[in-house]
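Chemist: Full structure from sequences and hints, please.
Keeping their order, the protein sequence lines are chains A and B. Heads up: the first sequence at position 235 corresponds to 235 in the working numbering, and the numbers run straight through without jumps. Heads up: the second sequence at position 120 corresponds to 120 in the working numbering, and the numbers run straight through without jumps.
Just so you know, these hints were derived from the structure itself, not from any lab. Glycine included, C-beta positions come from ideal geometry on N, C-alpha and C. There's no promise every hint is true.
[Said to hold, decoys possible] Just a sample of chain B residues kept apart from chain A, beta carbon distances all over 12 Å, derived:
1. Arg-35
2. Ser-56
3. Ser-171
4. Ser-176
5. Ile-270
6. Phe-271
7. Ile-287
8. Ile-379
9. Arg-423
10. Ile-427
11. Pro-435
12. Phe-437
[What the hints assert, rightly or not] Straight line, CA to CA, 30 Å or less: simulated DSSO-like cross-link-like pairs of lysine-lysine:
13. B:Lys-364 / A:Lys-28
14. A:Lys-569 / A:Lys-166
15. B:Lys-150 / B:Lys-290
16. B:Lys-288 / A:Lys-600
17. A:Lys-551 / A:Lys-166
18. A:Lys-554 / A:Lys-174
19. B:Lys-150 / A:Lys-26
20. B:Lys-268 / B:Lys-364
21. A:Lys-26 / B:Lys-364
22. B:Lys-150 / B:Lys-268
23. A:Lys-600 / B:Lys-290
24. A:Lys-166 / A:Lys-26
25. B:Lys-438 / A:Lys-26
26. A:Lys-551 / A:Lys-541
27. B:Lys-360 / B:Lys-290
28. B:Lys-290 / B:Lys-148
[Unchecked claim] To give an idea of the chain B side of the interface with chain A (calculated C-beta under 7 Å), a few residues:
29. Lys-159
30. Phe-166
31. Ser-168
32. Asn-195
33. Leu-199
34. Pro-220
35. Tyr-221
36. Gln-265
37. Ile-281
38. Leu-284
39. Lys-288
40. Ile-413
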Amino acid sequence: MEYSILILILPLLGFLTLGLAGTRLKGKTAGYVGTALLALAALTAYCTAAQYFNLPRIDGIRPSLRPFNWEWMRFTEHLHIDLGILLDPISVMMLVVITTVSLMVHIYSLGYMEGERGFQRYYAFLGLFTFSMSGLVVATNIFQMYIFWELVGVSSYLLIGFYYTKPEAVAASKKAFIVTRFADLFFLIGILLVSYFTRTFDFGLLCSGDSALFASAMGKTFMGAAVLSWATALIFIGAAGKSAMFPLHIWLPDAMEGPTPVSALIHAATMVVAGVFLVARLFPVYYFFTPEVLHGIAYIAAFTALYAAIVACVQTDIKRVLAFSTISQIGFMLVALGVSGMNGHEGTGYMAAMFHLFTHAMFKALLFLGAGAIIHTVHSNEMSRMGGLRKAMPLTHITFLAACLALAGIPPFSGFFSKDEILSAVFAFSPWMGAGMTFIAALTAFYMFRLYYNIFWGKPAEHEHPLHEAPASMTSPLLFLALISLVAGFLPFGKFVSSNGLEYIIHLDVRIAVGSVVIAIAAIFAARSLYRNGTSAVPDKMAGFFGVFHKAAKNRFYIDEIYQFITHKIIFRCISRPLAWFDRHIIDGFLNGLACITGKGSLAFRWMQTGNLQSYALLMIGGCLLLLFWVLFL
Amino acid sequence: MDFSNFLILRDELSLVFLILCLLMFDLFASASGRRLFQPVACVLLLLQILFTAFFSGDSAEAFGGMYTTSPLATMVKIFMSIGTLLVFLFSKTWIENDHEIAKGEYYYLTLSTLLGMYFMISSGHFLLFFIGIELAAIPLACLVAFDKHKPASAEAGAKFILNAAFASGISLFGISLLYGGCGTLYFTDMAAVLNPANLLQTAGMIFFATGLFFKMSLVPYHSWTADVYQGAPANVGAYLSVVSKMAAAVSLFLIFVKVFGAMAQNWKPIFYALIVLSITIANLFAIKQKDIKRFLAYSSISQAGYVVLGVITATAQGLTGLIYYLFVYMLANLAAFGIAAIVERQSGDARISGYNGLYKTNPKLSVLMMFALFSLAGIPPFAGFFSKFFIFAAAIQEGWYILVLIALLNTVISLYYYLLIVRAMFITPNDNPLPAFKSDTASRIAMTVCFIGIVLAGLASCIYNRIGMISDSSFNAPVAAIHVEEIQVNTALPADTVSDAFSGASQLHEVQN
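Modeler: Right, dumping it as structure tokens:
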């Protein structure tokens, strides 16, 4: 399956050609070139997936292939950085997700970004992102993953700040980059710790569950916790940064300043789940060696899911609602991973997390693209500027509804199946947590239908331009994704991906399924009664009833302000300023002194260079004799 | 008579054949044919490189150990030929416009010096080595004085030949002392009889090294460098700074590690001092330069200091680092010198201020120059960063912490003066910068090669790994002394007498202490 390298090469090629050709491409040419290359890449990914999942199992386990492995830098016998392609169930699944969503976004952007300044730059960046993200998921070792991890961060930065003349976009791109980079610092330390003890970066070795590999780290502690726990926890901080887990989630809502298709691709479907993917990739390490960290992940994720769901209920900007919804859903995935076991029925959580990742990527991308179509028509992100759009935009309406139902977990939409698996895994772990997650699922249904009714029902706002349905290039991806959201739930996902590689048969737990559906439907009806006409006074009363709590939720519980306080008032004032003083006076002073000495020194040696031949000869023989004298007599 | 021995010399023979071909071509070609001299020379040299690359063999020796070859030697020869080829490509406009009549000489004189360097790398005997070093020096003096109508070039030629002769004299004196002290001049045999406590041998070694230090222009053997580089045609300067240094540096490693290995305790302190002096003093001088060629001269002195770091480690890793460093340095320095030559031709002025605002009019040239200077300064991700990294890593492995620290501090200083040029090109405003121009095709090919090399030679780890593999195998190859029995009988007496005289003196010295 050597051809799978094309999945990486084609988008990279797109980036290079579009980036170098620059503005010489007229009209939509750049878009067509980028889309065609990505269509080929997607086709290659589908071929790879088809061939891979048809390979015979070895002892009932799906094989892990390395069609390509190139030793890039060899430092010592054990320590070397390779670049390669690792094909196993989760990486193949991710390749399919990435290329599909990316292709849809490419097609969609042909309409959405038409006539924008920097059209070819946009497509070049999309190519770079797709390349980096594919490279991340097929990484054979943790260092390769780290390289692509950073590349993904850069592409995200470039795309969030795509409208670089808009100050909010620039600020948001910087925030996203700095917050994720800050988290990546811990990731890097974690990587170095793990590789220091195991003497390898390789996923194949790390995930073999071989305790001999970690023998040198056993029994070592740092500040009361095992060193290995520190390492895996640090790695998780990197994952939490990318996946916007509390309290590192602050960049994601702001990242919505980027073009909406970018939010669909990067900040809903692919990059933000990189953290989930990382934990899944290192799952055996977490499970066998640091189960306490794995449980910690579950609690953090559950809290994040709750927090984000509450905040999503009161936001008025549709993209922000979707952003908080994404944070909450990623929380679901990580909860499932955190409570998962390894074998048999215990491994439900792992499978469910991957399943939810897959279905969520599709319907969340659909939601964002639908939101993009609406924003494209209405020219605003605010819900108050919308309402009654179902007549003007029938296709968008139907597909958006399908995605809302999927996210709310209503059968037969895909979200129902994956969410049900997550809930049953969580119930098996702890009934209390299961109940909590069911409540969050109900909140999900509520805020999604609050959004839905506010946009498509209720009383229409005044518009300067006549409202119109989006062009075909935008609606066709919507229809395609809606179709997938409808049928993906019936995939026998456990046959493809499972925690230990063995086949796993999904069976619905009827009690949990019925319970969660009933609660979700109740939440939907609540939303319907509150927001359908847009005239109900109950929402305002409820806001008044919750008072402070409502205001806090609307302001995202002031987490951003806390960050502002910590960075500006504490770090800048108490740490940065003294450091700046030290830098300016001591370090610069030292360097200035060095420069001064250097300048003086260069005058001091001028006598050497007289231009006179005899003096050169004298210098040579004098130097020679001096060296001789030194060696012989000193 | 068995001629198969001669085949071992195939690298040199192919080069001799190439020189003869060019001589014949120069003699018999018509006037219109001679116009094609540059392409012909380049293609033939390319063929010679390919021949050397594809018909490289295992280690072997000929003429009773006088001549030795190994995959390592072949690799270094290929690198030197590539460097020469690039210099030829850069020389087209200069040689054809200024030297219509003498253009043939330029090529075969250069190739003759290259032949001398081939012998330096492959010699197994001090006399062959000496002949090689002389062959590499004397035609070079002609080349330095090639623009003979320019007083500066003629002066540089005179300075070069006189200094070279002086250095050779000292070197030859050293060889005679070595012969006196060891009774042999074969590398392998001498390695077997060297003794660090023997003063005669030590003195011989230090005097002998002068020739190599001179070629590498290490401080204090450097004073000719700036004058010669400034006066010489820029392309000859490029050749001097790159190919000639490469030959000297590799021989320095091979001779000091393989032959004088037993004397390491004597020569390592010397090298330590030379590295510190070369890097520091050359940096101090480079800062103040106004002329681009003088500037590059000092930069190359300081680079030579970093190269010696590889020698002082005396390990296989150091050898790998050294060769890789030289290869990367070659690409960057040739690009810098090539651009200096092109700009000088266009503006008729070699001052750094002539580069002000170059980016506005010649962006591609400026970007390549910037990349070359960044590579020389060792900024990632350019190849120069990796070469510095590997050579520092090799030195750290051997515990030279302070030395590496000094070298690191000096890279900061070097960054400053390399950036001065970048600043001139990109930032300093200039009302009438050099107008946009297009250089000839040959130069553009050479610049493209350098560009690709500077960008990729570091990231493509296969290059470093390949060099590492070859130098590892060559470094670990067993060395057998072959002529030991005869010499011990032959010359035991004079060696003892002389060294007694020396050790007597030192005993006296100890008594006085």
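Chemist: So, for every hint listed, does it hold in this structure?
Modeler: Okay, the hints, checked on the actual structure:
Even its closest Cβ contact with chain A, about 36 Å, leaves B:Arg-35 beyond 12 Å, as expected for a residue assigned away from the interface. No beta-carbon of chain A is positioned within 12 Å of the beta-carbon of B:Ser-56; the least distance is around 24 Å. The beta carbon of B:Ser-171 sits about 10 Å from the closest Cβ of chain A, which is not more than 12 Å, so the claim that it is off the interface is violated. Against the 12 Å criterion, B:Ser-176 stays outside the reach of chain A, whose nearest CB is about 15 Å from its own CB.
With a least beta-carbon separation of about 5 Å from chain A, B:Ile-270 fails to lie farther than 12 Å from that chain, contradicting its non-interface assignment. A beta-carbon of chain A comes within 12 Å of the beta-carbon of B:Phe-271; the shortest separation is about 10 Å. At the 12 Å boundary, the C-beta of B:Ile-287 falls inside the reach of chain A, the nearest C-beta of that chain being 5 Å off. Every C-beta of chain A lies more than 12 Å from that of B:Ile-379, the closest at about 18 Å, which supports listing it as non-interface.
No Cβ of chain A approaches the Cβ of B:Arg-423 within 12 Å, the least distance being about 15 Å, so the stated non-interface status holds. Against the 12 Å criterion, B:Ile-427 stays outside the reach of chain A, whose nearest CB is about 19 Å from its own CB. The claim that B:Pro-435 is not at the interface with chain A holds, since no C-beta of that chain comes within 12 Å of its own (minimum 25 Å). Every Cβ of chain A is farther than 12 Å from the Cβ of B:Phe-437; the closest lies at roughly 24 Å, confirming the non-interface assignment.
For the proposed pair B:Lys-364 and A:Lys-28, the alpha carbon gap of about 29 Å is at most 30 Å, so the pair holds. For the suggested pair A:Lys-569 and A:Lys-166, the alpha carbons sit about 27 Å apart, so the restraint of at most 30 Å is met. Restraint check: the Cα-Cα separation between B:Lys-150 and B:Lys-290 comes to about 20 Å, which is no more than 30 Å; the hinted pair holds. For the hint linking B:Lys-288 to A:Lys-600, the alpha-carbon distance of about 11 Å falls within 30 Å, and the restraint holds.
A C-alpha spacing of about 28 Å is found between A:Lys-551 and A:Lys-166, which places the hinted pair at or below 30 Å, so the restraint holds. For a cut-off of 30 Å, the pair hint linking A:Lys-554 to A:Lys-174 stands: about 23 Å separates their Cα positions. Restraint check for B:Lys-150 and A:Lys-26: not satisfied, since their Cα atoms lie roughly 53 Å apart, outside the 30 Å limit. Restraint check: the Cα-Cα separation between B:Lys-268 and B:Lys-364 comes to about 44 Å, which exceeds 30 Å; the hinted pair is violated.
Among the hinted pairs, A:Lys-26 with B:Lys-364 is consistent with the structure: their alpha-carbon atoms are about 24 Å apart, no more than 30 Å. Distance hint between B:Lys-150 and B:Lys-268 is unfulfilled; the C-alpha atoms sit about 42 Å from each other, more than 30 Å. Our distance criterion of 30 Å between C-alpha atoms is met by A:Lys-600 and B:Lys-290, whose separation comes to about 17 Å. A hinted pair counts as satisfied when its Cα atoms are at most 30 Å apart, and A:Lys-166 with A:Lys-26 qualifies at roughly 25 Å.
Taking the CA atoms of B:Lys-438 and A:Lys-26, the gap is near 28 Å; set against the 30 Å cutoff, the hint holds. Straight-line distance between C-alpha atoms of A:Lys-551 and A:Lys-541 comes to about 13 Å, which keeps the hinted pair within the 30 Å bound. Distance check on the hinted pair: B:Lys-360 and B:Lys-290 sit about 21 Å apart at the alpha-carbon level, within 30 Å; holds. The hinted pair formed by B:Lys-290 and B:Lys-148 meets the criterion: a straight-line CA distance of about 24 Å does not exceed 30 Å.
Because the closest C-beta pair between B:Lys-159 and chain A is about 6 Å apart, less than 7 Å, the hint holds. With a cut of 7 Å, the hint placing B:Phe-166 at the interface with chain A holds, because the nearest CB-to-CB distance is about 5 Å. The interface hint given for B:Ser-168 is broken, as the beta carbon of that residue sits about 12 Å from the closest beta carbon of chain A, more than 7 Å. With 7 Å as the threshold, the beta carbon of B:Asn-195 stays out of range of chain A, its nearest partner Cβ sitting at about 14 Å, so the hint is violated.
Here the hint on B:Leu-199 is kept, as its CB sits about 6 Å from the closest CB of chain A, short of 7 Å. Annotation: interface hint on B:Pro-220 holds; nearest CB of chain A at approximately 3 Å, less than 7 Å. A distance limit of 7 Å between C-beta atoms decides the matter here; for B:Tyr-221 the minimum to chain A is near 5 Å, and the interface restraint holds. Proximity of B:Gln-265 to chain A is violated relative to the hint, the smallest CB-CB distance being about 9 Å (cut-off 7 Å).
Here the hint on B:Ile-281 is kept, as its CB sits about 6 Å from the closest CB of chain A, short of 7 Å. Nearest Cβ of chain A to the Cβ of B:Leu-284: about 4 Å, under the 7 Å cut. The hint holds. Contact between B:Lys-288 and chain A, as hinted, is supported at the beta carbon level, the nearest pair being about 5 Å apart and thus within 7 Å. Against a cut-off of 7 Å between C-beta atoms, the interface hint on B:Ile-413 holds, since the closest Cβ of chain A lies about 6 Å away.
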